[in-house]
Each structure stands twice: as C-alpha cells, then as structure tokens.
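J.: Next come the chains, spelled out residue by residue.
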Amino acid sequence: MSVAIQLPWNTVHRTPQMPNPGDLVLQLDDVSVEIGERRILSDISLDIRAGEVLSLAGPNGAGKSTLLNAITGDVPLAGGDISLFGMPVASWDATELAMRRSVLLQSVDVTFPFSVGDIVRMGRSPWEGTAEEMDDDMIVDSAMAMTEVTPLADRVYTSLSGGERGRAAFSRVLAQAAPILLLDEPTAAMDIKHQEMLMRIGREYAAAGCAVVVIVHALDAAAAWSDRVALLEAGRLRAVGTPEEVFTSSTLSDVYQCPIEVLPHPAGGLIIVPKRPVVRRNVYGTHWGRG
Amino acid sequence: MTGNGTSAPRTAGGTGGIHTAAARADQARSRRIAANAADLGLAGKPHMGRTTLTFIILIVGLLVMTVVSASLGQLIIPFDQVIGSVLNKVGIHWLEGPARAFGNEALWNVRFPRIVMAIVVGAALGVAGAVMQGVFGNPLAEPGTVGVSSGAAVGASASILMGWTFLGAFTTPFLAFVCGLATTMSVYLLARRGGRTEIVTLILTGVAVNAIAGALISFFTFAAPTNARDQIVFWQMGSFNGSRWQQVALVAPMCLIGIIGVQFLARRLDLLSLGEKPARHLGVNVERLRFCSMLAVALLVSSAVAFAGIISFVGLVVPHLLRMIIGPGHRVLLPASALGGALLLTIADFAARTTIQFADLPIGMLTSLVGGPFFFWLLRRSRSKSGGWA
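For the protein sequence lines, the chains are B and H, in the order given.
Residues 3 to 293 (this note's numbering) make up the first sequence, in order.
Residues 20 to 409 (this note's numbering) make up the second sequence, in order.
By construction, these hints were calculated from the structure, which means they are not laboratory data.
The C-beta atom is built at its ideal place from N, Cα and C for all residues, glycine as well.
Be careful, since some hints might not be right.
Across the chosen pairs, the derived CB separations fall in these ranges [to be verified]:
no. : chain 1 : residue 1 : chain 2 : residue 2 : range
1   : H       : K296      : B       : G63       : 13 to 21 Å
2   : H       : L275      : B       : A92       : 36 to 44 Å
3   : B       : A92       : H       : R69       : 29 to 37 Å
4   : H       : R69       : B       : P153      : 19 to 27 Å
5   : B       : R16       : H       : P272      : 50 to 58 Å
Every beta carbon over 12 Å from chain H, so not counted as near; a handful from chain B, in silico [unchecked claim]:
no. : residue
6   : Q19
7   : A209
8   : E247
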C-alpha cells in the first residue's frame with residue numbers, strides 16, 4: 003500500500019524464520035516474579051514448542067496472567083531466564099519481538115474512534131518496511147474473514163459489543179502473523195460459537211507450525227483443544243502434560259478447592275464438570291413466568 | 020429472565036417469531052449505531068473523499084483569510100492590490116500593487132509578518148494539541164497539561180519584572196521559550212521512575228508544576244511596578260500585535276522542525292491508542308515515543324508562545340473538531356490540525372484587530388471566549404450521541 007522509506011537512522015530488524023514443528027521456540031527457566039514484596043511466580047520451567055497449543059489453567063490469582071506478562075517482557079523477572087528462539091528476550095528489540103510473538107490481552111480499549119478495519123491493520127505494523135508488507139491487504143482480509151469481523155470492518159471499534167471487540171482484537175493479533183501467539187482469556191466475552199471458533203483457529207495456527215499459548219478458564223475447552231495443558235497453583239507449576247494426564251478428578255479438585263468430576267466422553271475427550279447437587283426447581287406461575 | 024420469556028411469544032409466537040424479532044432488533048440497533056456514527060463523522064469507509072475535501076477547504080480558507088486579513092484594517096487595501104503586491108514581490112506583474120501611499124509598507128512591514136506569525140503559531144499549537152492528545156490517550160489533554168504555557172509565562176514575567184535586557188528585545192521571548200521547554204521536560208523527568216512514566220503520574224505532576232508556576236506568576240505580578248505589571252498581564256493574554264519578520268524568522272524554523280518531526284511519530288501514535296502494552300507488543304518503544312512527543316510539544320509550544328504570549332484552547336479544540344470530521348488516524352490528523360490551527364488563529368487575529376476600531380483585543384482572550392462555549396457545545400453534543408468521549 004505505502005512505500006517504505008528507509009531512513010538512515012532506522013535499524014534493520016532481524017526478520018524471523020518460520021520454525022519447524024517441534025522446534026523449541028519459547029523456553030522458561032526457573033522464572034520467578036515478585037511484585038512489591040509478594041512472590042507471584044516461583045521457579046516456573048516450561049518449554050514451548052512450535053506446532054502445539056498449550057493451555058494455561060488454574061484458579062484466580064494463580065499467576066496465569068503474570069506468567070504471560072513475564073513472557074511478553076511487561077513485568078521484570080525476579081529470577082530465571084526466558085528465551086525466545088534460543089536468545090534471551092532482552093536481546094531482541096521491540097519490533098523484532100513483535101515479529102515473533104503476538105499478544106492478546108484480556109481487554110483492549112481503544113482511545114480514539116478507529117474503525118475495526120484500521121485496528122486489524124495495526125497488527126501489520128511490525129512488518130512495515132519489510133518484504134512481508136506486500137501481503138498486508140491479503141493478510142488483513144483473511145484475518146478478518148477468519149474471525150468473522152469482515153461485516154464489522156467499517157464500524158467504530160468502541161461501538162462494538164464485548165464479544166465483537168474480542169473478535170476484532172483477536173483478528174488484529176492474527177494479522178500480526180507471528181509464530182508465537184499468546185492469548186490471555188481470549189474467549190471471556192464471546193458466545194459459545196465464537197469461543198469454539200477461536201480455539202479452532204488456534205489449532206489451525208498451531209498446525210501451520212506456530213506455537214499457541216492460551217489462558218483459558220473453561221477446563222473442558224482446554225481439554226478439548228490443547229495438545230498440552232499447564233496447571234498453575236499459587237504461583238507454582240502444579241502439572242504439565244496432555245489434558246488426560248493433568249486433568250484428573252483428584253488434581254483438579256485439589257487445585258480448585260472444589261469437587262470436580264472428570265468423565266470420558268463417549269466420542270473421545272473429557273467431560274469436566276463440578277460436582278453439583280440436583281436442585282428442586284421452583285417454578286411459579288406458568289413456564290413463561292406469567293400466571 | 021422473565022422479561023425475555025413474556026415478550027417473545029406475545030410479539031410473534033413460536034420460535035420463528037423469536038428469531039425475526041431478534042433479527043429486527045439487531046437491524047434496528049445496527050442502523051442506530053450507523054446513524055450515530057455517520058452523524059459524528061465517524062462512519063467507517065476510508066474517509067478519503069471527506070479527508071481530501073477537508074484539506075481543500077482548510078487550504079482555501081487559509082488563503083482567503085490571508086488575503087482578507089491583509090486587505091482590511093484601518094487602511095483598506097482592495098483584494099486585487101494585495102494579491103498584486105505579493106505577485107510583484109516574486110516578479111510577476113499581472114496585477115497592480117497598492118495604490119495608496121504607504122500601502123506596500125503597511126502590507127509588508129505590519130500585516131504580512133503578523134499574519135504569517137498567526138499562521139505559524141496556530142499550526143504549532145494545533146499540532147501540539149493533537150500530539151498531546153495522542154500521547155496521553157485522552158481527548159482532554161492539551162499542551163498546558165504538562166506546564167508548557169505556564170512555564171513560559173514564569174520566564175516571561177520574571178524577565179519583565181527584572182527588566183533584563185541581555186538579549187535586547189528578545190530577552191523576554193527567549194526566557195519564555197527556555198522556561199517553557201525546561202518546565203515540560205522537568206514535568207516529564209519528575210514523573211519518570213525506573214525508566215517508565217505512567218500517564219496519571221504525568222498529569223498529576225503537571226498539575227503540581229502548574230500550581231507552582233501559577234504562584235510564581237502571581238508573585239511576579241504582585242512584586243512588579245505598575246508598568247511591568249501591565250506588561251506581565253498583557254503578555255499572558257496573548258497578542259500578535261507588533262509581530263516583525265525578525266521574530267517570524269526565529270519562530271518559524273523551530274515550529275517547522277516540530278511540525279515536520281511529529282509526522283514521523285504519527286503511525287506510532289495510532290498504535291498507542293490501543294493502549295500502552297498492546298502498542299509495545301506491536302513493536303513500539305513507548306517510552307521513547309513519549310519522550311520524543313513531549314520534546315516536540317515543548318519545542319512547538321514554547322516557540323509559539325515566546326512572542327505571541329499565551330493563546331489557549333487552540334490545541335484542545337482544533338484536533339477534536341478535525342477528529343470528528345476526518346477520523347482519528349494521526350497521519351492525516353496531524354497535518355490537518357496544523358492547517359486548522361493556522362486557519363483558526365488567522366481568523367481570531369483578524370477579529371482581534373478589527374472588531375473594535377483603534378483597539379487590538381488580546382487574542383488569547385478571544386480564543387477562550389469563543390473556544391470555551393464551543394467546546395462545551397461539542398461535549399454536550401457528543402454525550403447525547405454516544406454517551407461521552409472516547
């Protein structure tokens with residue numbers, strides 16, 4: 003669209019190579035994070051490889067978002083190392099990081115009335131001045147089509163509903179086309195159809211050779227869509243492995259402090275539900291609530 | 020829960036009915052949003068046509084206002100003679116220059132420097148306002164927020180009170196410029212901790228520094244003898260009276276550097292509206308962007324107020340109004356704000372000069388007088404349409 007002007011003082015950024023499935027793209031070694039006096043994360047070690055969907059699960063305050071923030075470099079580490087493509091995070095500049103990992107935060111508020119199309123296009127900004135810029139229009143269009151926001155392209159972002167904003171923001175993150183995708187509760191405001199759509203896109207993304215790290219609260223969705231899950235408890239990694247290995251009734255009940263049943267689904271996969279009492283229905287008047 | 024249950028079967032009955040009712044409600048909703056958006060000038064579509072039209076109107080308006088302002092005043096010089104005089108200057112002799120005695124002198128020594136000064140200062144203030152709003156992610160920010168104007172006023176009033184003349188007639192503007200720059204940078208540095216600044220800290224530091232500056236100005240005003248007191252008060256009301264080419268030659272280059280410089284920040288300012296973290300995740304060095312923007316704003320506003328004094332509201336209203344018309348993208352908003360600010364100040368200066376005969380109204384008073392109610396109207400209008408700013 004626009005011609006890139008290479009200014010003499012502009013540094014040349016190292017563009018990433020697409021990783022092969024199974025390559026180690028993100029490595030956490032004994033990562034600890036302290037905020038004030040409080041220790042939020044202790045000694046987290048985790049390898050994340052290209053081609054997998056890794057879900058982070060755990061109760062509120064277990065440190066899931068902090069772990070994601072540590073990976074993105076938004077909180078300083080009290081100890082340990084994080085490396086991205088075999089190099090410490092600090093050795094990449096902001097643009098080089100943006101070419102390698104895209105991040106979707108829990109809520110994205112936009113200050114000025116930008117249209118959805120503008121917002122999605124912003125995802126392409128790390129690639130300005132590179133050969134990849136040629137594909138901007140195609141990538142933006144397909145990112146919008148995948149997340150079903152094409153009809154909203156001309157709407158003002160701030161006029162959208164919560165779920166629509168979530169999709170538009172996700173679309174922006176997809177447009178960034180980075181080999182690592184970090185998502186912090188992306189499905190929170192979405193209806194069930196779009197929750198599933200998002201997780202399916204995540205899987206397709208991973209199948210294309212990318213790594214997807216996603217924080218999810220819905221355990222059954224995590225079990226259904228992830229290759230591996232990491233269960234956090236009070237700032238420590240309680241268990242890592244396939245959903246079948248990690249999501250057992252005893253582990254989940256213990257971590258969440260709440261009785262949880264894990265049943266095999268007849269078609270494969272897991273059904274995860276809290277143990278609930280059978281309540282007596284109080285229906286007053288007719289079924290529509292009108293007597 | 021019950022509301023849902025009762026209304027659906029009554030309106031249409033059956034599941035199909037629920038569907039159509041929901042679809043209709045949905046349609047109505049999107050129509051309403053579209054109408055609101057269109058009315059606010061935010062309706063999607065790349066605003067290409069609208070943007071081009073806005074730029075054409077601004078440029079034509081600026082040219083027309085320049086000729087009108089140059090032509091009218093105590094000495095009236097017809098439009099064709101004004102244009103003729105300009106053309107003669109560049110060696111084109113299509114039209115006659117001013118027929119009246121001293122017409123050329125009035126134009127070239129008094130009116131043109133004054134008009135050019137108004138254009139330069141207006142452009143600087145408009146752009147500075149747009150940059151501030153972008154950096155702060157807040158449509159209510161303006162250069163005054165970080166103490167540029169009040170800092171400059173401290174410098175100016177100190178210089179007037181002390182009667183310093185180490186730079187001759189340029190002492191007061193020089194001190195105003197230096198103090199404006201220094202105040203802004205100190206607000207920025209005071210708000211910085213551990214290599215980062217938070218916007219709220221920055222605004223509150225600005226409030227504190229503004230208060231101190233206000234106290235200093237009051238003290239200087241109090242301590243000054245009558246003559247100097249008048250000067251201090253009038254400096255703060257702003258005026259283009261007595262602008263000379265010499266002054267323009269000092270102010271214009273700095274403003275031009277600032278205006279052109281901030282264009283390079285435009286794309287990153289767009290990204291910053293996603294929020295600080297998302298901008299960083301997209302490769303923006305947010306801290307460096309903030310520093311560069313603050314430096315540019317300090318440079319623009321300090322040099323703008325140095326000779327002209329404090330002119331408020333331009334930096335607030337102009338970017339606002341233009342954002343409503345051409346959308347929030349900084350790549351068009353910044354140049355448009357420069358043109359808009361220039362046009363607004365040219366009109367305001369014309370009004371200041373001609374509203375009351377034989378009197379030169381303070382232009383800062385005029386912009387606030389018109390800008391205040393206008394801003395209030397914008398606020399009310401925007402609130403009733405979309406429930407507030409943002």
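J.: Next, verify each hint and record whether it holds.
T.: Hints, one by one, checked against the model:
1. Between H/K296 and B/G63 the Cβ separation comes to about 20 Å, which falls inside the hinted range of 13 to 21 Å.
2. A hinted range of 36 to 44 Å for the beta carbons of H/L275 and B/A92 is consistent with their spacing of about 38 Å.
3. As the Cβ distance of B/A92 to H/R69 is approximately 45 Å, the hint placing it in 29 to 37 Å is violated.
4. At roughly 22 Å, the beta carbons of H/R69 and B/P153 sit within the given window of 19 to 27 Å.
5. Judged by the Cβ atoms, the range 50 to 58 Å given for B/R16 and H/P272 is violated: they are separated by roughly 38 Å.
6. For B/Q19, the requirement that its beta carbon stay farther than 12 Å from each beta carbon of chain H is met, with the minimum near 18 Å.
7. Listed as a non-interface residue, B/A209 keeps its Cβ farther than 12 Å from every Cβ of chain H; the least gap is roughly 24 Å.
8. Once the 12 Å rule is applied to beta carbons, B/E247 is consistent with being away from chain H; the minimum gap is 32 Å.
Hint compliance for this structure: hints 3, 5 are not met, and every other hint is.
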